[in-house]
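One letter stands for each residue in the lines below.
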Amino acid sequence: MTAALERAYLELLPSARQRAESGQPVVGIVGRDVPAVLVSAAGAQPYRLGAGRQAAAPSAAPSAAQSAAEATAIMGGAVDRAALVLLAEILSGSLDFLAGILIAHDCEASVRLHFALQELYRRGSSTIPVHLVDQVHLDRPSTLRFNTHQLEAMTDVLRSWTGSGITRDALESAHAEHSMVRASLSDVQVARRTRRMSGLSALHAYAVGVGSSPAAALALLEGRERGADTADALPVFLTGSAPIGDELYRAIEDAGAVVVGEDHDWGDPILSDLLPERLPAELPDALRELALSRLHGDPASASSTMAARAAATRSGVEATRARALLSIVRPHDEAPLWDWKRQRELAGVPHLEVRGEAAEDPSAVAAAIGELRAAS
Amino acid sequence: MTRLASASAALAHQRAWFRDLQQAAADGQDFALVNADAPQEILRAMDIPYVVNQWWASIVTAKQAAAQSLEGVAELGYPDDSRQYDVLALGSRSLEADRAPWGGLPKPRFVIAELSGDATGKVFEAWTDDPAIEFFAYERTVAIPPEGPWWDLVPHEWDRVFGRERIELMAEENRLLIEWLEERTGRRFEPARLEQVMDLINEQEELNRQTRDLIAAARPTPVRVSDTIPAVMIPQWHRGSEWARDAARELRDEVAALIADGSTVAQDERLRLMWVGRGLWGDTSLYRRFEEEHGAVFVWSMYLAIAADGYIRYGSDPIETLAARFVGITDLLYAPPLAPQWYVKEAKGHGVDGVVHLVADDVPGASFITLALQEAGIPVLEIRASNADPRTLDPGAIEAMMADFIGGLG
Chain A
1 MTAALERAYL ELLPSARQRA ESGQPVVGIV GRDVPAVLVS AAGAQPYRLG AGRQAAAPSA
61 APSAAQSAAE ATAIMGGAVD RAALVLLAEI LSGSLDFLAG ILIAHDCEAS VRLHFALQEL
121 YRRGSSTIPV HLVDQVHLDR PSTLRFNTHQ LEAMTDVLRS WTGSGITRDA LESAHAEHSM
181 VRASLSDVQV ARRTRRMSGL SALHAYAVGV GSSPAAALAL LEGRERGADT ADALPVFLTG
241 SAPIGDELYR AIEDAGAVVV GEDHDWGDPI LSDLLPERLP AELPDALREL ALSRLHGDPA
301 SASSTMAARA AATRSGVEAT RARALLSIVR PHDEAPLWDW KRQRELAGVP HLEVRGEAAE
361 DPSAVAAAIG ELRAAS
Chain B
1001 MTRLASASAA LAHQRAWFRD LQQAAADGQD FALVNADAPQ EILRAMDIPY VVNQWWASIV
1061 TAKQAAAQSL EGVAELGYPD DSRQYDVLAL GSRSLEADRA PWGGLPKPRF VIAELSGDAT
1121 GKVFEAWTDD PAIEFFAYER TVAIPPEGPW WDLVPHEWDR VFGRERIELM AEENRLLIEW
1181 LEERTGRRFE PARLEQVMDL INEQEELNRQ TRDLIAAARP TPVRVSDTIP AVMIPQWHRG
1241 SEWARDAARE LRDEVAALIA DGSTVAQDER LRLMWVGRGL WGDTSLYRRF EEEHGAVFVW
1301 SMYLAIAADG YIRYGSDPIE TLAARFVGIT DLLYAPPLAP QWYVKEAKGH GVDGVVHLVA
1361 DDVPGASFIT LALQEAGIPV LEIRASNADP RTLDPGAIEA MMADFIGGLG
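Protein chains in written order, with this note's numbering: chain A, 1 to 376; chain B, 1001 to 1410.
Honestly, the hints are just simulated from the structure, not real lab data. Note that the coordinates shown come from a computational prediction; the quantities given were computed from them, not determined experimentally. Please note: incorrect hints may appear among the correct ones.
Unchecked claim - Per the computed footprint, the stretches of chain B lying under chain A, defined by three or more beta-carbons under 8 Å from a beta-carbon of chain A, are:
| id | region |
| --- | --- |
| 1 | 1093–1102 |
| 2 | 1119–1129 |
| 3 | 1134–1142 |
| 4 | 1176–1183 |
| 5 | 1207–1221 |
Every residue, glycine too, gets a C-beta built ideally from N, C-alpha and C.
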């Protein structure tokens, strides 16, 4: 299972490109707030863009340095590197097969990425159209109405990109498929919490679950052995910045810990945006349910209060029976820095924050695990 | 020293007003701390005093108390290198009495802000560590491309700039804020009073527009931006009052008189410069430093220009009209394509020879502003620094960069 998942993780980009070449539109998604089920219902494959993964594609390699420099010139250096890496990957041309990119308003870096791509497209410097799905996050009726309208606008955009409107049958079918993938990902969550699966494999599984066609994801996720026994490793709950690629998880787990849960939007929170078993038949009602599911999902750092984040961290530590809390925060990812005060006060387990340049240094991360092991 | 009587009068008014606010707070009167991007007009209409967060940050910075205030933020357990402009007021509460500017900011009862960026909401939530302080948040929605030149559309056709849904959301939030304040203060909101406030603001901003147009057309320039900034911004923080409207008229009349008298900033004006970005409150003399040697004069800052173009709104429903003023006010300054188009229009209108662009960490789209200006044939110097964090500023280096840039323009 572990090796198969890793292979599938590494093959996400070529698989998506192959699908596009075979004639099915593939739509890129940035952020957890974009409901992938609508992309499927519009007849396209949703492909969740993860910073650091597209760079693995050989076609991207020759121009990687040039694209990185260009991305920094466009967005400036004072932005979370995840957005810079993603923009560089888009500029490299490795994603030119996409019919369009939907970007969530989940953090400032995503908004800046949207502005950059919108301007590049308007100026003719990019061939990929882009649309911001402006889901905002206060739990108020006014916000829900606005978010529902945003999803209506997203369906119009999808129609223009794919040529297919969303029918009731298509939505039901997509919902059923996505629900099955979620069920499989829930099994993954159980496996890692019972120490039968590493955090690295779980990260790969989540990426495959949201980056492949539902059918392909199911084939990989269902009915497999769950791999390594991680009972001897220090169970760590991870908070802070969403990882770029999978190197961070490797560094943590190579140092003698296992990531048993996390609160970034590539991990467990994907499962918290609960959909009803059956979506309402009318599209506007279904869109409202989709908007509501995200509003009531686990709080993301950049779009929720410090109090909500601290409570969610505490719940996560308890649910996963983590024995340590590790926060890793990249430069220019401001929100997790603010969360940390209340998170550590509520954690109930030894905790450590690695921030700044050290957050991307595997030896610094390994040292942090050493400290946590000593304290636990 | 300021050359404008209207700037001196505004500063004197602000000191007297703040002393009264301190006294009222000491007597138990509730007041609000409001971020500049959130509507203040509802507070004005309900006679609830308020302090604008960015104004207080500018005072803290000008009084060289920013670094110490940021230390106060760190002592509270929060990062001192994030959202410095937003967080200075919180940090300044920890200053000793003899270090606190103007006798110090009293404790607010309410804090109000838009959830801009990733951490502004958290900055304001941090105030609520004191359980006597409550926070009202506005959503921050994202700019859409306008259907035309926004400066022509916004006074009457704001939907075509910001989109109907964004305005409706903020209008609903305005109604929520009114209920929230009524519950907590016992005061009643009167729509007719808000209409009066909105009328006064349109008068004030129309006067600012006339002042901006006078300065744009004048050769050589009659006033420094370091003078017009306080003369515009202090009345802006009192928007909706008769005093603010009258102060805007006095500024307009004073500028017109200076032009009529042939008054000039520089004896020999050879270069006209534009300052894009927030003001360098810690050293406003920087704007004057190149006048004598290079004949280089800053003729433009965003403060008068955004007052002229960004605030005027004419509508029948004051709640919605207010939403239309605020829903995209920061978009106009920073988001592409709105902001780049506007800066080019203003640069051309003022006949500038070069632009100094202060790029802070927390603003999007800066590169597209620079690019648009350069494509319009206007040289740009980018300076990357926070105007509110002296630790990120090297005054000597900035001055040297500007000297090189200005020297190259000549």
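Verification of the hints:
1. 1093–1102: violated (count 0)
2. 1119–1129: holds (count 6)
3. 1134–1142: holds (count 5)
4. 1176–1183: n = 1 at 8 Å, threshold three: violated.
5. 1207–1221: violated (count 0)
Checked against the numbered hints above, the structure breaks hints 1, 4, 5 and satisfies the rest.
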